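Relying on the hints, combine the two individually framed chains into one complex.
Chains R and B, in that order, give the protein sequences.
In terms of my numbering, the first sequence opens at residue 32 and continues consecutively.
In terms of my numbering, the second sequence opens at residue 57 and continues consecutively.
Quick caveat, the hints were computed from the structure, so don't treat them as lab data.
All values derive from a computational prediction rather than experimental measurement.
One thing to keep in mind: the hints can contain errors.
Unchecked claim - Pairs of lysine to any residue, SDA-like flavour, derived with a Cα cap of 25 Å:
id : chain 1 : residue 1 : chain 2 : residue 2
1  : R       : K120      : B       : E398
2  : B       : K583      : R       : F196
3  : R       : K33       : B       : R384
4  : B       : K588      : R       : S206
5  : B       : K588      : R       : L167
6  : B       : K58       : R       : I133
7  : R       : K202      : B       : K587
8  : B       : K401      : R       : G43
9  : B       : K58       : R       : K158
10 : B       : K558      : B       : L426
11 : R       : K199      : B       : L582
12 : B       : K401      : R       : N142
13 : R       : K193      : B       : K587
14 : R       : K158      : B       : K587
15 : B       : K392      : R       : D147
16 : R       : K132      : B       : R448
17 : B       : K587      : R       : T194
18 : B       : K588      : R       : N182
19 : B       : K401      : R       : D137
20 : B       : K586      : B       : K558
21 : R       : K202      : B       : K586
22 : B       : K583      : B       : R406
23 : B       : K401      : R       : G164
24 : B       : K392      : R       : E68
25 : B       : K587      : R       : G77
26 : R       : K199      : B       : K587
27 : B       : K58       : R       : N58
28 : B       : K385      : R       : N182
29 : B       : K585      : R       : G164
30 : B       : K318      : R       : G164
31 : B       : K586      : R       : G164
32 : R       : K199      : B       : G519
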Amino acid sequence: MKQDIILAGVGGQGILSISFILVNSANEMGLNSKQSEVHGMSQRGGPVFAFVRISDETIYSDLIPSGEADLILGLEPMEALRYTQYLKKDGMLIVDQNPIKINNYDEDSINKAINDYPNHILLNADKIAKEVGNPLGANMVLGGVASPFLNLEESHMKASIKTLFGRKSEKIVESNIEAFDKGAELGRKFQKDLVIS
Amino acid sequence: MKTEILLGDEAVALGALHAGIRGAFAYPGTPATEMQEYLFRMQRKFPDVYVEWSANEKTAFEAGLGMSYIGQRTIVSMKHVGLNVAADPFMNSAITGVNGGLLIMVADDPGMHSSQNEQDTRYFGDFAKIITFEPSNQQEAYDMTLEAFRISEELKLPVLMRLVTRLAHSRSNVKVGEPLNHKPKGLEHDPKKWTLLPGNARIGFKRLIDQQPDLLNYSNDSSYQNINGSSNGKKMGVIASGVGYNYLMENSDVDEDMSVLKIGVYPIPDRLIKDFLKDKNEVLVVEDGYPFIESRIQTYVVNPELNIRGKLSGDLPETGELNPDVVRKALGKEPKGSSLQEAGKLAIPRPPRLCDGCAHIQVFDILDTLRDELDDLVVFSDIGCYTLGALRQPASIDSCVCMGASVGMAKGAANGGLQNSVGIIGDSTFMHSGIHTLLNAAGDNSPFTLVILDNSTTGMTGGQDLPLPGDKIEKLVVALGVPEEHVRIIDPRRNQFEDNQKIIHDEINYRGLSVIIARRECIVQLKAKKKKK
Numbered sequence: 032m033k034q035d036i037i038l039a040g041v042g043g044q045g046i047l048s049i050s051f052i053l054v055n056s057a058n059e060m061g062l063n064s065k066q067s068e069v070h071g072m073s074q075r076g077g078p079v080f081a082f083v084r085i086s087d088e089t090i091y092s093d094l095i096p097s098g099e100a101d102l103i104l105g106l107e108p109m110e111a112l113r114y115t116q117y118l119k120k121d122g123m124l125i126v127d128q129n130p131i132k133i134n135n136y137d138e139d140s141i142n143k144a145i146n147d148y149p150n151h152i153l154l155n156a157d158k159i160a161k162e163v164g165n166p167l168g169a170n171m172v173l174g175g176v177a178s179p180f181l182n183l184e185e186s187h188m189k190a191s192i193k194t195l196f197g198r199k200s201e202k203i204v205e206s207n208i209e210a211f212d213k214g215a216e217l218g219r220k221f222q223k224d225l226v227i228s
Numbered sequence: 057m058k059t060e061i062l063l064g065d066e067a068v069a070l071g072a073l074h075a076g077i078r079g080a081f082a083y084p085g086t087p088a089t090e091m092q093e094y095l096f097r098m099q100r101k102f103p104d105v106y107v108e109w110s111a112n113e114k115t116a117f118e119a120g121l122g123m124s125y126i127g128q129r130t131i132v133s134m135k136h137v138g139l140n141v142a143a144d145p146f147m148n149s150a151i152t153g154v155n156g157g158l159l160i161m162v163a164d165d166p167g168m169h170s171s172q173n174e175q176d177t178r179y180f181g182d183f184a185k186i187i188t189f190e191p192s193n194q195q196e197a198y199d200m201t202l203e204a205f206r207i208s209e210e211l212k213l214p215v216l217m218r219l220v221t222r223l224a225h226s227r228s229n230v231k232v233g234e235p236l237n238h239k240p241k242g243l244e245h246d247p248k249k250w251t252l253l254p255g256n257a258r259i260g261f262k263r264l265i266d267q268q269p270d271l272l273n274y275s276n277d278s279s280y281q282n283i284n285g286s287s288n289g290k291k292m293g294v295i296a297s298g299v300g301y302n303y304l305m306e307n308s309d310v311d312e313d314m315s316v317l318k319i320g321v322y323p324i325p326d327r328l329i330k331d332f333l334k335d336k337n338e339v340l341v342v343e344d345g346y347p348f349i350e351s352r353i354q355t356y357v358v359n360p361e362l363n364i365r366g367k368l369s370g371d372l373p374e375t376g377e378l379n380p381d382v383v384r385k386a387l388g389k390e391p392k393g394s395s396l397q398e399a400g401k402l403a404i405p406r407p408p409r410l411c412d413g414c415a416h417i418q419v420f421d422i423l424d425t426l427r428d429e430l431d432d433l434v435v436f437s438d439i440g441c442y443t444l445g446a447l448r449q450p451a452s453i454d455s456c457v458c459m460g461a462s463v464g465m466a467k468g469a470a471n472g473g474l475q476n477s478v479g480i481i482g483d484s485t486f487m488h489s490g491i492h493t494l495l496n497a498a499g500d501n502s503p504f505t506l507v508i509l510d511n512s513t514t515g516m517t518g519g520q521d522l523p524l525p526g527d528k529i530e531k532l533v534v535a536l537g538v539p540e541e542h543v544r545i546i547d548p549r550r551n552q553f554e555d556n557q558k559i560i561h562d563e564i565n566y567r568g569l570s571v572i573i574a575r576r577e578c579i580v581q582l583k584a585k586k587k588k589k
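Here chain B stands alone, though its shape is the one from the complex (with noise of 0.2 Å):
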């Protein structure tokens, strides 16, 4: 056994090889884009695997599932507002089962460090019905990882493995063994398991659902699930998975009487549970996300007299990530007090914001000089370096909800009569979801005009590349049927502010669709390939 130091993306990554995975599909995502880049980096010591920046989630998670269709073991890798991308394919891909192993790991963001939401994937492991692991620190990640794919393939059933940014963005010693000898287990060919015609789909769902005790079986049996000690007549207890468990421990001055219940597996171990709660008169449930054991606990209760405490009952935040302090004040602890303490409120907010020289900032320039004159003006946004636009005095932009949404936006709003429809997206955004609205939008003439930021790279994640070469865009944009006329192409410098105004000027007025593609590298790119050569 060695040691290597690894982030908890990491752990994961390195676990897949050695359980012999035969490829990896990815979109890259905060914070779950290091799991991928990891994989591109050992490919050099790992040839035989395939690996890729996939268009979008559910892209990844369908060539995820055919390489599982030929019994190959595979990894598809997502933050966790790229499963609801990919949540068709998933949710199906319970019903037809999976042949090679097939893993989904998911990276929560609680506390939205760089994420527009917090929810929470292992509702999603609840609602496709299969086993979900939580790791609670970087070996855990490693290990589970090795028996994800075992227990994938013996159950024939997808398995999720939920990360948090605290474990995905943390190092850690881990042990590493060798790689598993692992041989793969060949094209079986059952077209009726996987094709869901509703007939076949029956059959799909009910087997899922006959598998159900196995899995509960495989729960409650688990070795993640530990109890420190004898749990046996002590009066409270503590329920804690994942970092939750971490953050319980850093504060485990704890009494004699309490006793710890950590779970790494779901579906919640249910027989385990209730065993730990028969004598139990309190309980607190440490879980970072939603309160998904908390919510689910009552089930188990045999003590009507249980006090239940945790997220729900105002004891632990309902929102935001958990930490060792807020775990402390739950249990009754004093806070450790720090000398420093009132000089702290002297760091005022250092908002993120676009780079020196960030050809957004010229494309923000203009649209900000045209909302004078055009008093309607709303300019849609979407996910990337560009929703920084919102932080700038006024804000550049209206709107950002998720991947792909300026342009159904910008649309729906044009249909709806604003005159000054502006969607703006960035290259990478635009091939993830922005084609299939434009497509739309070019069947019906939607009268409103989308920019396209194409810095030829995934910015916000570090700098991916994009599945097309950026300079094809204006090819597809045409093939989609905008017409060429009002395609056009901008260098958005500041010697060029003025004839790209009037671009921008013109085709916003244009009443019809329009696409401005802004064509200038990632400022952050073009310095890394200098420094590179």
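With the rest of the complex left out, here is chain R (with noise of 0.2 Å):
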């Protein structure tokens, strides 16, 4: 039972937060896990990623393979297509429609390519998050959506979501497990509606 999930987006974002979820929850359940991370000079606005593996084995690199991973979590559009050469061939492709442009950002282009592909999510987890009123938990929608597609309990995750915001406040904590429930909502919705070979 091995899975290896990218996630990806730019600095700011909340990638090391829904890292650390995962992997929280991974160690909880008496899994191994690994996650290489970004820091230093590409930090400053650069593309952010983050490789998640999780498995009952050893795990031995810290990178994924070509080809292997199981899920692109893409916090934006273009960043979730930068990984798209380590998702295996019927890998899940779950993505934030909400671009963060640079010049010559090939919006309609970005957005074929993703919803040309049988196995993916796309959607305003952007909108959902304000929705619920955490403007920033997108991060936490996203990871809800995944949550039915990952070998990770939910009240595991729910768990390390304590764990992290814990230490700032009670509000923090609650406004982003709400965030994340909406994002699970949606996820079995979706996953209903897919068919995941």
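Take a look at the structure:
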């Protein structure tokens, strides 16, 4: 039982927060995990990604090999596509549709590429986060959407959200769990509609 | 035993705390920074451990050596190029030897994610003739750290620990024990050993040479050198070290007749390799960084027909970092494809840039406008966030070589006749290694302008404290001998553009040494502070 997940976005989108939730949940469930992340120069507005690997066996590489990722979780459409070489043949693509544009950003082609891919979920996570009163919670919404597709128990993921934000305040914990729940609800709906081989 | 999720850097830090360190000295640098940051976070639990951000890697190393002198265990950490700065005390510490265990953690950056080169620290270990550990995962990083302090005290030598970015910046679950009940060795007077006058140094160097067989025995017998299964009779061998071993095992749907030797400790274990290679026809060497093992392997070859494959043979790339895919290719296996491979091409480069509202932008905007008027203007820059001035269109800076180089290069160019020579350096980088060069320049009144970008933090590595509060910089600069009337302080804001432009213009035009301090807090740190409130 092995799952490789790529989280993709740009600096400040909360990639490391979701990675923490995945890795912490895996650890709580007694699974092995590895999470490779980006620090330093590229954090200044450049692409930020995390490779998360979860398994009940030994995990050797901190990097996911090409063609092995089960899931790409994109907080930004173009950034989601940046790592598609790693996605396995029937891997899932879950993407927040809100672009962070730069010069020559080809929005139409990017959206088309995502929409043409059968195993994809494209959603407005940002809007959902705002609706539950958590404008910074798009990452939690996406984590929720992904949750039914992961070998992780929802209860552990929520406990990890508590661990992560517990230092800040109860209110912040609640609003992140609310965003996560909204996402999870959507994820389950998508799961019914999608035929995943 | 409990399990903790730790970065490679953090696993070394926790290992050092459990080994009973009394102090930790470091200068921030990606990918090593998180080791010291972890120690700062752990200060509440380990209040007796002295932790500091030093002025630079050399001062960090020397402080570490002083702590070792009195018998206390100490860790010093830096990025790979930081060891160049600390090379002098580092090389000599192998001659003096140590008293309390001294571990130097150096994080290499193959692939240059955040560095100006990808030099391989294993050569420094070899150069100094000391033991180097190379963990392949977070667990080994923790375990090896405990062992490193033990062997450092046993051999009375400093010990190196080499990490690479992919281990330093990757988290995993680590089984950790309790802090050792370590009793410090205590002060030992031995002035001859520690005073490297030629007569003493010759004795010290001879002692180091005489110890080399012990180091080799240690390496040959270490439990961190592993042969997977039985090697005998198998014709194909792989020698893999550090994270290279992980990428090999990731592709380990291996043939039965391949055997693997994993290396985790240096000096290169000569007997072990000789024995491993004796019945092989072919050997592939998988190591992240330079072809260190591969280039030495010829020495151990018994079979003249042995086909040695690796970076030098072109089977693996000699530049950049290794990954599971390039190792897979070297093993002759088909790549695993992705049906979305093509779509990846739509992701165009998203280069890093200065944050919106960053004060550096204001200074660059001014220098850009002055280029039209001052046609021989050269802006020598340095290491920090402001290196991103190179990615502006057109580029706002003309050079970036190493920590502190902006000052020396601007000085040398001015001494050579350049009319409009400007150096641009951050406050942390100035304190790291700009001060001495400015002292030089003040001594001969070299005609250039140094702009010190004072944002009162070490920004690029995440906002570490400076050894000297920013507002003391002008006193320091004047004390170095820069004429007071040519030490100017500006507030780099959009609404002061014209005033600032005039000041910078006037000082560049002045045919002597001038320093402009552009002072405004780092926008990231400012936001973080506001959030805390």
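- request: May I ask which of the numbered hints given earlier this structure violates, with the numbers listed in increasing order?
  value: Numbers 6, 9, 18, 20, 23, 28, 30 - these are the hints that the structure violates, sorted from lowest upward.
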